[in-house]
Amino acid sequence: MARNQAIVIGINQYNPNNLTPLNYAKRDAELVRDFFEQEAGFEKVYFFSDDAAEINLRPGVTIPSQPTLGNLESFLLDYFEKPRLKAGDNFWFFFAGHGLRYADRDYLMPCDANPRNVERTAIPVSYVTERLRRCGADNVVLILDSCRNIGGRGLGIGGEHQQGVVTIFSGSPSEISYEIDKLQQGAFTHTLLEALRIQGEGNCATVERLYQYLSYRVPELNRQHNKPRQTPYIIAEPATKYHLILLPKYATLRDIETLKLDACKAELEGDLELAKQLWIRVNIAASGSDMDAILAFQRIAQRVGHEVVSQPSSDSQVRGGRSPQPPLQKGAKSEAKPNDEGVKLVSAVGMDYGKLRDLLAAGKWQEADEETARVMLKVAGREKEGWLDTYSIENFPCEDLRTIDQLWVKYSNGYFGFSVQKRIWLEVGGKLGEYDTEVWEKFGDRVGWRVNDKWLYYSELTFSPNAPGGHLPWMGRGLGLGWGVWVSGVVWLSWAVGDLFSRAETCKV
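So in this note's numbering, the last one in the sequence shown is 723, and the numbering has no gaps at all.
Hint data in this document are derived by calculation from the structure and do not stem from the laboratory. Errors might be hidden in some of the hints.
Derived BS3-like pairs (lysine-lysine); straight-line CA-CA distance at most 30 Å [unchecked claim]: (1) 722 with 645; (2) 463 with 300; (3) 441 with 296; (4) 592 with 569; (5) 569 with 558; (6) 578 with 558; (7) 569 with 722; (8) 598 with 578; (9) 592 with 722; (10) 592 with 645; (11) 578 with 463; (12) 258 with 300; (13) 668 with 645; (14) 463 with 645; (15) 441 with 578; (16) 598 with 396; (17) 296 with 258; (18) 578 with 592; (19) 558 with 722; (20) 441 with 463; (21) 722 with 578; (22) 598 with 558; (23) 396 with 441; (24) 258 with 463; (25) 569 with 598.
Everything numeric in this text was worked out from a predicted model, so none of it was measured.
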């Protein structure tokens with residue numbers, strides 16, 4: 215289970231000679247602290263506010279909790295001197311108070327900050343994130359309700375990107391973050407807590423959905439209370455963090471599948487460290503029982519070991535990339551020869567393949583590709599999930615797999631079909647039931663799914679007889695992977711293909 219820790223800071227009592235005192239920043243911070251501790255079950259929450267109790271840093275060591283520059287800097291230095299968390303864990307940082315942008319840098323203003331001497335009395339946001347990243351967690355969430363000033367919480371911050379961090383701003387750099395007397399809260403933090411408490415399908419368990427909720431609800435709330443527009447926004451670096459699951463207990467199956475696709479994409483692109491982090495988060499969201507994640511850990515470990523000891527062979531490389539494989543010649547003989555007679559539409563589960571037959575007979579290749587995906591998911595009973603897992607592939611009815619393949623082979627004159635693809639897979643060195651990155655790339659080159667070392671989007675595929683042999687059906691759709699997002703779908707397919715061809719061999723396809 216993932217561990218969560220947080221720093222929560224709320225400051226009302228600023229020196230009025232320097233900054234306008236605030237009304238509800240402290241209350242906002244208290245409510246966030248209570249949510250983290252009582253509802254989200256955080257392991258530790260370190261709370262800094264105007265009159266908060268001393269903080270127990272470790273047995274026998276306490277530090278003052280007044281949010282002065284000295285106290286905050288001391289905590290950031292001491293607490294993050296060594297890692298305390300690990301991959302899969304989260305560290306959250308919430309700040310309610312004044313913020314300022316100075317000399318192209320974002321600053322948080324402690325209670326003793328002086329806007330006339332920002333660099334010496336304020337804390338750069340970049341310094342905060344640098345210290346937080348030392349905690350050992352692979353996910354840092356920075357929540358800044360800090361644009362408070364002149365009746366609000368200030369104009370200003372939000373121009374800097376913090377790599378490896380999800381940063382949630384209460385408003386754009388040109389906007390003020392408003393406090394609402396009737397709510398006795400800031401509009402942003404009120405909405406943030408409202409969003410985090412939503413359960414069911416409409417929850418805000420992911421960064422993306424939280425952003426969508428905040429971006430419409432905060433302006434709406436301000437309008438209801440006669441405040442000017444305020445539009446929160448989120449910067450997530452890298453972009454995969456938009457799919458990050460913030461609250462695993464509220465995550466849906468779709469959230470988990472989206473995160474899986476990000477993990478697979480990172481794996482395919484060779485970013486094994488990111489892939490591992492994402493797979494860890496998949497497994498956490500699935501309560502530690504996701505077989506795809508478990509297999510991915512084994513696969514990544516094997517790839518890391520292989521890349522350490524392997525050297526590229528001279529005949530497999532050309533300057534600028536991998537040497538292209540010769541395309542399958544149109545009309546070349548196939549093990550699965552076209553049938554002059556009509557294909558019998560046999561199904562072990564009563565599936566009607568009439569529509570697929572008619573689309574192929576009419577040469578409507580893209581529609582036939584989409585129909586192939588639909589019938590395969592229906593046969594396997596995986597329509598809701600939208601993809602076939604390893605178990606579904608290994609147990610896919612042979613009668614149905616043969617029917618689908620025979621239809622493709624017949625109406626393409628032996629040019630398309632799973633049996634054609636299986637033969638190409640073996641020709642480029644693939645083994646049935648096994649995944650190999652280099653073989654997968656060679657296969658992609660041969661069937662035209664990969665051009666100049668780049669995987670094509672689904673919209674870039676060639677839905678005509680002029681495509682390379684084996685180009686269709688695109689198994690990303692056939693396996694329910696990607697559904698129009700080729701870059702995401704291909705990464706799943708990269709190891710599912712070995713399972714599919716193994717099943718095809720068993721079924722004598």
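To see whether the hints hold, each was checked on the structure:
no.: 1; hint: 722 with 645; in the structure: holds, 16 Å
no.: 2; hint: 463 with 300; in the structure: holds, 19 Å
no.: 3; hint: 441 with 296; in the structure: violated, 44 Å
no.: 4; hint: 592 with 569; in the structure: holds, 14 Å
no.: 5; hint: 569 with 558; in the structure: holds, 13 Å
no.: 6; hint: 578 with 558; in the structure: holds, 20 Å
no.: 7; hint: 569 with 722; in the structure: holds, 24 Å
no.: 8; hint: 598 with 578; in the structure: holds, 26 Å
no.: 9; hint: 592 with 722; in the structure: holds, 22 Å
no.: 10; hint: 592 with 645; in the structure: holds, 28 Å
no.: 11; hint: 578 with 463; in the structure: violated, 44 Å
no.: 12; hint: 258 with 300; in the structure: holds, 15 Å
no.: 13; hint: 668 with 645; in the structure: holds, 23 Å
no.: 14; hint: 463 with 645; in the structure: violated, 39 Å
no.: 15; hint: 441 with 578; in the structure: violated, 55 Å
no.: 16; hint: 598 with 396; in the structure: violated, 44 Å
no.: 17; hint: 296 with 258; in the structure: holds, 16 Å
no.: 18; hint: 578 with 592; in the structure: holds, 21 Å
no.: 19; hint: 558 with 722; in the structure: holds, 16 Å
no.: 20; hint: 441 with 463; in the structure: violated, 35 Å
no.: 21; hint: 722 with 578; in the structure: holds, 27 Å
no.: 22; hint: 598 with 558; in the structure: holds, 28 Å
no.: 23; hint: 396 with 441; in the structure: holds, 12 Å
no.: 24; hint: 258 with 463; in the structure: holds, 18 Å
no.: 25; hint: 569 with 598; in the structure: holds, 21 Å
Violated hints, in rising order: 3, 11, 14, 15, 16 and 20; the structure is consistent with all others.
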